[in-house]
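Engineer: Protein chains in written order, with numbering that gives the first Met the number 0: chain X, 0 to 142; chain P, 0 to 142; chain A, 0 to 142; chain W, 0 to 142; chain D, 0 to 142; chain G, 0 to 142.
Hint data in this document are derived by calculation from the structure and do not stem from the laboratory. Misleading hints may appear alongside valid ones.
Which copy is meant is left open, because identical chains are indistinguishable; a pair holds if it fits in one copy or across any two.
Claimed, not checked - Restricting the straight-line Cα-Cα distance to at most 27 Å, the calculated cross-link-like pairs of lysine-lysine (DSSO-like) are: (1) K96 with K3; (2) K75 with K96; (3) K75 with K3; (4) K75 with K141; (5) K96 with K141; (6) K141 with K3.
Please read these numbers as outputs of a predicted model, since none were measured by experiment.
Here are the chains, one letter per residue:
Number of protein chains: 6
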Amino acid sequence: MRMKAHLTRIVHFCAAHRYYRPEWSEERNRAEFGNCANSPGHGHNYECAVTVAGVLNELTSMVMPLDDLDRLLDQKVVKRFDHDFINTVAEEFGPGKTIPTAEAVAVFIWDELQPELPEGVVLSRVRVKENETLYADYFGEKI
Amino acid sequence: MRMKAHLTRIVHFCAAHRYYRPEWSEERNRAEFGNCANSPGHGHNYECAVTVAGVLNELTSMVMPLDDLDRLLDQKVVKRFDHDFINTVAEEFGPGKTIPTAEAVAVFIWDELQPELPEGVVLSRVRVKENETLYADYFGEKI
Amino acid sequence: MRMKAHLTRIVHFCAAHRYYRPEWSEERNRAEFGNCANSPGHGHNYECAVTVAGVLNELTSMVMPLDDLDRLLDQKVVKRFDHDFINTVAEEFGPGKTIPTAEAVAVFIWDELQPELPEGVVLSRVRVKENETLYADYFGEKI
Amino acid sequence: MRMKAHLTRIVHFCAAHRYYRPEWSEERNRAEFGNCANSPGHGHNYECAVTVAGVLNELTSMVMPLDDLDRLLDQKVVKRFDHDFINTVAEEFGPGKTIPTAEAVAVFIWDELQPELPEGVVLSRVRVKENETLYADYFGEKI
Amino acid sequence: MRMKAHLTRIVHFCAAHRYYRPEWSEERNRAEFGNCANSPGHGHNYECAVTVAGVLNELTSMVMPLDDLDRLLDQKVVKRFDHDFINTVAEEFGPGKTIPTAEAVAVFIWDELQPELPEGVVLSRVRVKENETLYADYFGEKI
Amino acid sequence: MRMKAHLTRIVHFCAAHRYYRPEWSEERNRAEFGNCANSPGHGHNYECAVTVAGVLNELTSMVMPLDDLDRLLDQKVVKRFDHDFINTVAEEFGPGKTIPTAEAVAVFIWDELQPELPEGVVLSRVRVKENETLYADYFGEKI
């Protein structure tokens, strides 16, 4: 019988984003997105908390080697978004595609990380926090 | 197949409260509630984190329009409690009724918010934090 | 030649207060103090940061023994205000006297602590923080 | 029908720890644990958040008396670890046994607290946070 | 003899900015500003802490009416920068002019606020924080 | 006429330390240092905030290039102390020498950094924070 625990690592990136659908009028963009539609965009100090779950390794008492998790987060999250414009960082957030809300960025990061985890370790939550009063959680749920 | 996410917005209010049952003696109030029984009360900078869950809208990538959520929290939580005395704000916390613990305030806020959410969106958690070391979570569980 | 440093210890207390001058009309109290005039009051998680300055002791490398500072802050600040109503805790904040703003509480705490410090140690700042966006500093300045 | 809520109390302790398996070579310890293998160790300001769950008492509106929870956490967590070396505090973390990761400390604290809770109250989570970017959660899962 | 105190109010705004001198080559911009030169920019959750100093009013125990300070900060700081691009918000930060570092934004805000304060009240510090590890302070010093 | 500003960068390191004078008895060590005298020591998540002051460069609007400041702090502070035992990191904190209090570590870091700053830039404060309630400031004062 082995214990299963959850480990959360938090990384940060500073990025800009803009909410805007080019197929909509200025008025509708303003009505739906308020000042998030301002050009060229505004920005945040994003905080991304990634939680992995698995049984504790009997020799290291770890869910997974922390260095490996850190390398993965640096490569897939920080290097990708830090000091950049989310709308152009990934094709998915390009014009007419996905609006880069905290919810959508959390889903994107989940999909990037899930295939990279070692066997026996699973993502249990990706949290994307835009500021001290707003964050989105994605648990991999699809319906 | 659509993704389901959870969105948390945090609001704050500064309020006073007192733990006291008028049908009990001073001694019993003191024994059960310690210095929380002091008259006329003491106060906190409350933090209330409300989490809603739902599928992401395909055009806005949001669980629900953030402005609507903000208006609801302002009306039902902040305007109601801020710079006031919880024991008199709602009949439910009046003399001889519910003691305004963090647990009870979380249940109260859940019951206020649940009927106001748009179709397809549900509350998934109401957290009421009294200070940096104490908070209560209510997930709508009844047994 | 000896180094002089500043040491800050932070303590917390949860208290209620009310801004109200009985010699004024309800209207004037409301106009000057807004919802801080609500009866019986509202409250905060106060944070009080006390800074002492002095040369480092050659054997302990301390400005003053930390246990002594902690005892003093517990007795003069925490025990006095925690879970209580500032307007009645000290005669100075009673009806018709000093309004218990963060500024006034900082001055009060300075005057309580200054005479109790060991020789060669001086207060350099008393900070009283009402919440994450508002704090008052008193450096002992009188003009 | 009674409401069930979750109450979280957070306590802190400052402790040192070292990751090292005496049956391994210096090289392997270094490879697995990096600078966490440094002698005699390094340390953290640990934060331990303990969540208990239960129905609200009808008279006190509490999951359990807060004083009782605080006494338990002080005795089983703070007094045990604060200003000490985790590897020697409990036999379980001694040489050749369990490496004192955040994951393992969370499991240890769960096992210490669970038998001490009053009837009808259960642990729902033990969180051990090493610093602002890393924490482990244990929910009592064994597989 | 009247007590002089300092009062600090903190406001927040989310904005984007870019470090770039059009009269320099891409290489020099990159060398001087690193990824802060990325187009169209990146962003932060800015925190601006404004400190005013003055004697305590004898009737209100305040350095200045808090509502007046809040209105001023909302008008001159939050409304101006929030959800916008600093490089275009003020002519001063336009192409070929002042690079919008935290230092420069602090100086700008000082110059905006100073003429608006009531008689007898002075600015004592403007702090602009870009993130949890970087902030600039301006005390009005010119040399 | 040029503006002078202050820029603060915060870095972190996790380290262990012990307060102990070998020339004193166990009893005196215990009396002076309490549980800080425990062997082999305990630890903290240290936060070190270094403030530099100077006039803003006319082309970059910076007190000094941030990359240079970061390299200096990484080399002289983080690399030196992180995941290590302060008492053995520098000869100055060895047995019978300086007790590694927050005050003494702040003085040490000041003396390390001061000679490395570019011309025209001066240290204005070194802050060493042991935990959320205790920090020491050194402004270079000697008497």
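Engineer: So, for every hint listed, does it hold in this structure?
Structural biologist: Each hint tested on the structure:
1. K96 with K3: between (38 Å within a copy, 18 Å between copies)
2. K75 with K96: Within. Shortest intra-copy distance 21 Å satisfies the 27 Å Cα cut-off; inter-copy 35 Å does not.
3. K75 with K3: both (25 Å within a copy, 22 Å between copies)
4. K75 with K141: Result: close within a single copy only, 22 Å intra versus 31 Å inter.
5. K96 with K141: Classified as within: same-chain Cα gap 19 Å, cross-chain 41 Å, threshold 27 Å.
6. K141 with K3: Close inside one copy (24 Å) and across copies (6 Å); limit 27 Å.
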